[in-house]
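Novice: Here are the chains, one letter per residue:
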Amino acid sequence: MSITDVVIYSPRFFVDAKELKQLWNLPILGGYRRILKTGLDENTTTMAVNALLELVDRIGKLPEHLFLYTGHGMFNLSAFLEATGFSEEKIDLLPEPDHYALVALHKAANTKQAAFLLVESLEHEPPSVGGILGSMAIVGYNGSDGGVECNAFRMALGARGQVLRYPGNKFDIRGEPDVLNAIKAAVGRGSVKVIFSNAADLRMLKKAIPNADVETPAHLGYIGSVTPVVSYFKNPEKLNQAILVVADEHQTAILKPSLSGSVNVLETANPRHMLFSQYLAARENPEGNVSIPQGAYISSITYFDQKDARYRLRSVKCLDCQSIQFPPRLRCKRCGGKTEQSAPLPRKASLYSYTKIMKGAAPTEFDIQQMVEGDYCVGIVEFQEGVRVITQNILFRGHIF
Amino acid sequence: MTRKVAVIAAGQTPYGTLGKSIKSLFVEAFDDLITSADKELDIQLIQEAYIGNLGVGGAQLGNPAALLVEQCGMPDIPARRVENACASSGYAFRDAYRAIKNGADLVLAGGVEVMNDLVSSHQRYWLGVSGDTEWERLAGATFAGIYALMARRHMHEYGTPREALAACAVKNHKNAVHNPYAQFRKEITMDRVLSAPEVAPPLGLFDCCPTSDGASAVLLASEEFAKKYSEQPVWVLGSGASSDFLAIHDRDSITSLTATKKAVRSALEEANLEISNIDFAEVHDCFTIAELLALEDLGFFEKGKASEAILEGETQLDGSIPINPSGGLKAKGHPLGATGTGQIVEIWKQLRGSAGKRQVTDATTALAHNVGGSGATCAVHIFRRDD
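Protein chains in written order, with my numbering: chain Z, 2 to 402; chain L, 1135 to 1521.
Incorrect hints may have been included.
To be verified - Derived PhoX-like pairs: lysine-lysine, alpha-carbon spacing no greater than 25 angstroms straight-line: (1) L/1396 with Z/334; (2) Z/334 with L/1395; (3) L/1396 with L/1308.
Hints in this document: simulated from the structure, not taken from any laboratory.
Based on the provided sequences and hints, a complete structural model is requested.
Specialist: Structure (structure tokens):
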């Protein structure tokens, strides 16, 4: 099997229409009927770092090479390099267009010791897109050291062209005979599931090929080109009978994978990264610990300046008075001496103080969180005497606050 | 530094939602200042200006100090903006004080803020920028939230009752009824405070100061000028200031503001006074817990004992140590950059016996306490009238 390990980093807020309806008992109006939202301030860069660090933890090393698709978003490559320790020459950066997500997947599957990393965030799209907000980072690893099965990710279309270009600024599948023919041919070959990323065109596709078994991954929401890939990994039983279609107004890519084995789909265990319904369930039956919140309106540079503290709870120690300090600082807060990196703090701490930010009273960048959660708790936790940090998501007496 | 420093004029606008620009507000405060002087002042004698301002509702004006002094008719005097969050004009006053100490004769200190011309979402975005943005803000904390964390811990360590916090708000509203410059001139009941919507528990709506527009200005003079232009100068006996860790989790204690403790110690030392010599104080009550902390940190009451004193009425206008006769930030209002010198305007009126129905009787010595953010900056000043 080509891709040996996969981590899907779905951001903290992950709500679909059904859940919204349950939560608020509201009718869900038309358009895209789901919301998928980054946690507060998470963006393509932080999600990519989170996903890759998780993968590195799992496989125990940095991949030899990385095929990185960053979507249309504002990806901060230098911050990513600094946070992950990856060197730039080992990265093939594949920004937009959309079909490059599949290209990255394809390339990684054909390169040993390589990883692909796909990040997409639609947070900054205007509401006219349909009121949808989506984000996702997915990273996979091809760790096999020989005999890579190129067949695993073979493009479905001929001429190895894989990509169809077509004029105009609006994608209409009825006007694209090549796309339709390719899908028709695949459907004709047997029971094939078409996983389609562009929900707006889904209805037209169904009309054009009535016998096609088509889905857009409703449980994931629309997150551009990453959506079908995620769906693909989330449904290993469908792997032998799926076509992935990524389309935007510029081009289309279709991928017909034919994996023979099952893919190990692993989501990060952090309670921040799950379906909202699971998040609610986790509140009832929690397993977890202190989780440092992600950024808000500060620059990526500032954010990653303390990456070891944010991702690893790394403290510093004063070279003069030996006191341990967190968050890290260059000079000791007790004596002004210089500090050096020290051990990560334990993820267990005592609750020092707490409050609740009531709905409507939060900073604006937390509006979405309040929309989803209502009031949220903020507390100060104490790791050891005098070493404290302010945070959300504290597991306290069996509940996550 | 033996030169004596006096306040010889002081003025302000009313605080509230005023619908005026910073230019109009500051000139209005300046005009009020000129009117307050005992003798006619030639404004061309003013040598220097220090103007507190956080950012005019996040509009990030550059060079506002030059704009404001030219609007007041003094286009060429050296002026600068002083920015230390809510303690901006407390520090502007300190700079003006030190300018006189260093040889100047007539210096203007003031502050201005316009907060109500923003949509509420922009306000909520902007109001958090005076705290730690890298950790506090990323955790979704607001200023109310930060002070709520202090309040919760104070309750935990000292058994402080919720009612003691509420009593600060009730008292300040009561004082503000008689202050024509105050934003809220209505009494409120303890029940109303306790049953108000929660903002960040244990703090509710009436534990929080409002957002306000406003400006204030005071004129500082050397002894020579004070005697020449004032029949009743208010002497500045001491100035103290201190910084502290910006983020609340970096501080050893969150049940007191170390910056307040250090600032008041310096101010008292310079004034050669004890805290017991102070007759009344204007303290920085951006939240009710902040007034309680100030009472303890300034030394009026021992740590953990302020709540008892508050509930027994000792901080009322007729109590043993009247606190915030103006109504404080809670009821007089809190136009960030204008608040510090606004407190001094109140002290000027009180010490000259012109505070009307909210007059503190027999007061000769007073203290102003101005805090920035959640306590990262603090300025304390001590004033006395001639006997």
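Novice: Can you confirm whether the C-alpha distance between residue 1396 of chain L and residue 334 of chain Z stays at or below 25 angstroms?
Specialist: holds, 17 angstroms
Novice: Assess, step by step, whether the Cα of residue 334 of chain Z is no farther than 25 angstroms from the Cα of residue 1395 of chain L, and give holds or violated.
Specialist: The given pair, whose Cα atoms are some 18 angstroms apart, holds under the 25 angstroms limit.
Novice: For residue 1396 of chain L and residue 1308 of chain L, compute the direct alpha-carbon distance and say whether it is at most 25 angstroms.
Specialist: violated, 31 angstroms
In this structure, the one hint that does not hold is number 3.
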